[in-house]
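S.K.: For reference, the chains in residue letters:
There are 2 protein chains.
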Amino acid sequence: MIQRTINSIGFIGLGIMGRHMAGHILAAGHKLNIYNRSRGNAESLIAKGAVWHDDPGAVAAASDVVITMVGYPADVEQIYLGAGGLIERAGRGSVLIDATTSSPSLAQRIAAAAAEKGVTALDAPVSGGEVGARDAKLAIMVGGDAETCEWVRPILALMGSNVARMGGPGAGQHTKMANQIAIASTMMGVSESLAYAREAGLDLDTVLKVIGTGAASSFLLNNLGPRMTKGDYAAGFYVHHFIKDLGIALDEAKRMGMNLPGLALARQLYDQLASQGHATDGTQALYHLYEGKSRA
Amino acid sequence: MIQRTINSIGFIGLGIMGRHMAGHILAAGHKLNIYNRSRGNAESLIAKGAVWHDDPGAVAAASDVVITMVGYPADVEQIYLGAGGLIERAGRGSVLIDATTSSPSLAQRIAAAAAEKGVTALDAPVSGGEVGARDAKLAIMVGGDAETCEWVRPILALMGSNVARMGGPGAGQHTKMANQIAIASTMMGVSESLAYAREAGLDLDTVLKVIGTGAASSFLLNNLGPRMTKGDYAAGFYVHHFIKDLGIALDEAKRMGMNLPGLALARQLYDQLASQGHATDGTQALYHLYEGKSRA
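Protein sequence lines, in the order shown, are assigned to chains F and Y. For what it's worth, the numbering used here labels the leading residue of the first sequence as 10, then goes sequentially. For what it's worth, the numbering used here labels the leading residue of the second sequence as 10, then goes sequentially.
Simulated from the structure, these hints should not be mistaken for laboratory data. Just so you know, not all the hints are guaranteed correct.
[Stated by the list, open to error] Which chain Y residues face chain F? A few, computed with CB under 8 Å, are given here:
hint, residue
1, T184
2, N188
3, Y205
[Stated by the list, open to error] If you want the ones that stay clear, here's a sample from chain F, every Cβ over 10 Å from chain Y, calculated:
hint, residue
4, A36
5, V60
6, D64
7, R98
No experiment lies behind these values; they were computed from the predicted model shown. For glycine and all other residues, C-beta sits at the position ideal for the given N, C-alpha and C.
Build the full structure now, drawing on both the sequences and the hints.
M.R.: Quick look at the structure:
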């Protein structure tokens, strides 16, 4: 059912991540069809030869493989399942790959709807942030048909250094949720640890050095800890996007009958942080919630 | 005030950690005075030349430097401040070093009481577990007089590869609390992440491999995650000792007027785990709390 030649690739969603990812595909010499909600983000790719289309469906109609990297599950649903959307316009045998961090259940619905049209949909969320996207070093967690995953692997490998098929439809998204769940409570632990150390009057650089090599060490402690203590909340990953991810994870956990109190607490704290005007800060701004006392 | 010759060293508390630590001091050729609640644990050291004493005070009377490694703050208080205890019996100019993870406030009280007798007390909790103790690779976080810390540094260096003075009395314990606070919520995150992944039907070894190199990675995910998924709850660090540590951290946080909801939640979950018969399992047994559904 899969067509064996890739003549052109589509890319929809040219935000911070998407622009880098699409750029790698174009740089590898592929014909690239693109669409973005605002055309401004597309200009640099158009200048390098990418072909602009006026809506997502048009990209799908012109491409053998389409990759999407948009914001929210509602956007994904609209683009894939909406009238004139990807599944309606994609050619038989083409492949649609959603790299957005989105709902596993939605990924399953999309895969099923695509299959009815002779189209294969994969979920392939990424981790590694802007640096990973820029350097083509993303981890890409793929859910969906095994044969299709192997077929598109060379394309995914243009954007990521670690492409792992995790199972059937939704398995990529589930893996990304597991990733975000670990991050959620770890970020709480790091924030509370450093806030405690500050209140206790300790030198925070020394604390980071001492606890950063043992059982308490983590990517977040070692990489975001120093930013927290400097009050550097510049976004690597937005608070409002993380809140979206935690909401998806909570919904899925609930659907599976699971109670994840750490995740639920982290979501509450991030909601509180966003309501204090930090929605577009980086996730390390969680530390700010614990700053009250020393600032008073 | 500090006497410049160390003729003999005392060690009190010969549990899993203490036995290894005392062994390194003895192996370095120091005269070693020892005491433990049960004499059984002391026999191997006695066979190698350590001198047994019948109570902690007698160890202090016979030693220039005494190291203690006992279980709970109540034990520390009794041994240091009780009648016939270390401070009462220690000679002027001697140094008492508590390596127990204990209360920062208690460490400050002990240091003050010691100073009144011309004795210097340091708090010097460790991290690195049994392996760190065995291999003399502990991190040792010291609080107390700077000059004294430098004087005993060669002795501490027999047991640890990273000896850091963190500040005045209590600063070592505060640093250890910061360490345990980071661990508490990180352990929740790791447990919930893997429990979610299991419920979602993912292959847990693959999940660990994929999320274990990115932003979700941590010592706990990478080292205890694989034990969780195998149901290996053998103790590296006991649940009941961790509950003690979290209780100290919560008390200190409260005293400083801080609200640490992640820490409070972790303490609740560990209490629940202990009440289910897991007090002498390793801390990674937290994963068990999330196993209900898949076992049902």
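S.K.: None of the hints should be skipped; say for each whether it holds.
M.R.: Evaluation of the provided hints:
The interface hint given for T184 (chain Y) is met, as the beta carbon of that residue sits about 6 Å from the closest beta carbon of chain F, less than 8 Å. Because the closest C-beta pair between N188 (chain Y) and chain F is about 4 Å apart, less than 8 Å, the hint holds. With 8 Å as the threshold, the beta carbon of Y205 (chain Y) comes within range of chain F, its nearest partner Cβ sitting at about 5 Å, so the hint holds. Every C-beta of chain Y lies more than 10 Å from that of A36 (chain F), the closest at about 24 Å, which supports listing it as non-interface.
Every C-beta of chain Y lies more than 10 Å from that of V60 (chain F), the closest at about 33 Å, which supports listing it as non-interface. Chain Y leaves D64 (chain F) outside its interface by the beta-carbon criterion, the shortest separation being 33 Å against a cut-off of 10 Å. The Cβ of R98 (chain F) lies farther than 10 Å from every Cβ of chain Y, with a closest approach of about 31 Å, so its non-interface assignment holds.
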